[in-house]
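In terms of the numbering used here, the sequence shown opens at residue 1 and continues consecutively.
Worth flagging that the hints you see were computed from the coordinates, not collected in a lab. Incorrect hints may appear among the rest.
Here are the simulated BS3-like cross-link-like pairs (lysine-lysine), alpha carbons at most 27 angstroms apart as the crow flies [as the list claims (entries may be wrong)]:
id	residue 1	residue 2
1	K64	K120
2	K223	K239
3	K111	K76
4	K64	K76
5	K77	K99
The following label-pair restraints were derived from C-beta to C-beta distances [to be verified]:
id	residue 1	residue 2	range
6	N210	S259	23 to 29 angstroms
7	T247	S300	25 to 31 angstroms
8	S300	N132	32 to 38 angstroms
9	V196	T281	43 to 49 angstroms
10	T198	S52	43 to 49 angstroms
11	K239	E82	21 to 27 angstroms
12	K239	I299	20 to 26 angstroms
13	S52	P96	38 to 44 angstroms
14	M53	V313	30 to 36 angstroms
15	T261	Y55	47 to 53 angstroms
16	N227	E280	52 to 58 angstroms
A virtual CB, placed ideally from N, CA and C, is assigned to each residue, including glycine.
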Amino acid sequence: MKKWLKGFSRKTKAIILGLLIVCLSVGGYFIWTNVNKAPSNIDTDIDVNKESMVYRRIYLLSDKGLVVPITVSFEKKDDLAEELVYVTSLLREGSPVIKGNLRPVLDDEVKINKLVIKDKVLTIDFSEEFANYDARNEIRILEALAWTYSQYNEVESIKISVDEKILTHMPINKTPIPENLYKDFGINNHVFHRDVNTVSVITLYETTINDERVYVPVTRGVKLEGNLLNTVAKYLSGKASILSGLTPIEELQNLDLVSATVNEEKVLELEVGITALVDETSVSKEIYDLLVIHFTEQISEIESVTVKVDGEVMQVSGYDEEVIPVSSIIYNELKI
C-alpha cells in the first residue's frame, strides 16, 4: 500500500484511503477495531454546533444492581459503526460516565475485535476479557447491552461473540442468550419464568443516582388486558418494588388515566384527569414526559402523543411546539 501511494500528495493519500474505507463498508457497516481508551469528548463546554450533536441512551449498572438508562450527548460520528464502537466504550470501566453510584457494564480490558451489521443483525465480537465480570450482574449486563444497542433503527437483533465464537449462554452463570437478543429480553427483570397467558410490560420507578432523581424501567409479567395498549395503560404506575432502591413515581400514582388510543396517524391520544393540569389549558411537562417514556418504550409505532382533559387537547407546559415528536423527549441526562 505504501509503495502504491508513493508520489501522491498527503491530501490525495487521505482522500484515497477514505474512499477505500467507504468501499469496504458497502453491504453493511463493517469495522475492525480495538476499544482501549475511554472517550473524553462527551458533553464538554466547547461551543459545538447543536446540529452536530446527538443524544443517545446508554444503560449502566448502579451500586444496587439496577440497570439505569442514562442519556449522554456527543458529537455526531461519521457512520453507525463508528458510533456503536464509541457508545460501547462508554459502557467500560474508566469511561467518564462511570462515577458516583454508577457502575460499568464491561471490564476496562474488553476490546471489540469486530463489529458487523448485516440485514439489521448486529454481531459484536468481544475479546476474551468480556468474561471479566461479577457473576451476580450477569443478567443485568445482558439487559444493558440489549437495551443500549436496540435504540438504533438499523438494529433488530443482536448477537454477541467472543473471539469469533457466538455465545448461546453467558460465560459464568450460563444465562441463556436468545437467538435474537433485543430489548424485549426485558430490563431489571424480577420474574424470569412466566405463564403462557402473560405478557411483558414495563413500569417506571424512580431512584437517586449521583444525588439526582432518575427514572428506571422494570419489566414484569402480567395478564393481557384485551390488547397490549390497554395492558400498558393499566400498569402505568407500580406498587413498591421488590428491587432495592426503587420507589413508585408519585406523579404517576396520582394520575387518573381515563383512556388510551392510537389513531391512524400513529398519534397516541391520552385522556387524563384534572390532576395533570398546571392551569386551565396546560398539562405538566413532567407528567407528559413520563407518559411518553412509559408508552413509547413498549409500543414502537407511536410517533407523537396528545393529552386531553374532558375531551379537549391540552398544551404542554414548557414546550413551545404544538406537536412534540417522541424522539425529542430526553430524560436521565448526565452532565459530565
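Against the structure, the hints:
As the CA atoms of K64 and K120 are separated by approximately 34 angstroms, the hinted pair breaks the 27 angstroms bound. For the hint pairing K223 with K239, the CA-to-CA distance comes to about 16 angstroms; that is within 27 angstroms, so the pair holds. Restraint check for K111 and K76: satisfied, since their Cα atoms lie roughly 22 angstroms apart, inside the 27 angstroms limit. With a C-alpha separation of about 32 angstroms, the suggested pair K64 and K76 falls outside the 27 angstroms cut-off, and the hint is violated.
For the proposed pair K77 and K99, the alpha carbon gap of about 24 angstroms is at most 27 angstroms, so the pair holds. As the Cβ distance of N210 to S259 is approximately 38 angstroms, the hint placing it in 23 to 29 angstroms is violated. Checked against the hint of 25 to 31 angstroms, the C-beta distance between T247 and S300 comes to roughly 28 angstroms, which is consistent with it. For the pair S300 and N132, the beta carbons lie near 34 angstroms from each other, so the given range of 32 to 38 angstroms is met.
Checked against the hint of 43 to 49 angstroms, the pair V196 and T281 passes, with Cβ atoms roughly 46 angstroms apart. Range check, T198 to S52: about 45 angstroms between beta-carbon atoms, so the 43 to 49 angstroms window is met. The hint said 21 to 27 angstroms for the Cβ distance between K239 and E82, and at roughly 43 angstroms that hint is violated. Roughly 23 angstroms separates the CB atoms of K239 and I299, a value that falls within the hinted 20 to 26 angstroms.
Under the hint 38 to 44 angstroms, the C-beta atoms of S52 and P96, about 19 angstroms apart, miss the expected range. Our hint of 30 to 36 angstroms for M53 and V313 holds, since their Cβ atoms are close to 31 angstroms apart. Taking the beta carbon of each, T261 and Y55 are about 29 angstroms apart, not inside 47 to 53 angstroms as hinted. Restraint check, N227 to E280: a C-beta distance of roughly 33 angstroms breaks the suggested window 52 to 58 angstroms.
Of the numbered hints given earlier, the model fails hints 1, 4, 6, 11, 13, 15, 16; all others are met.
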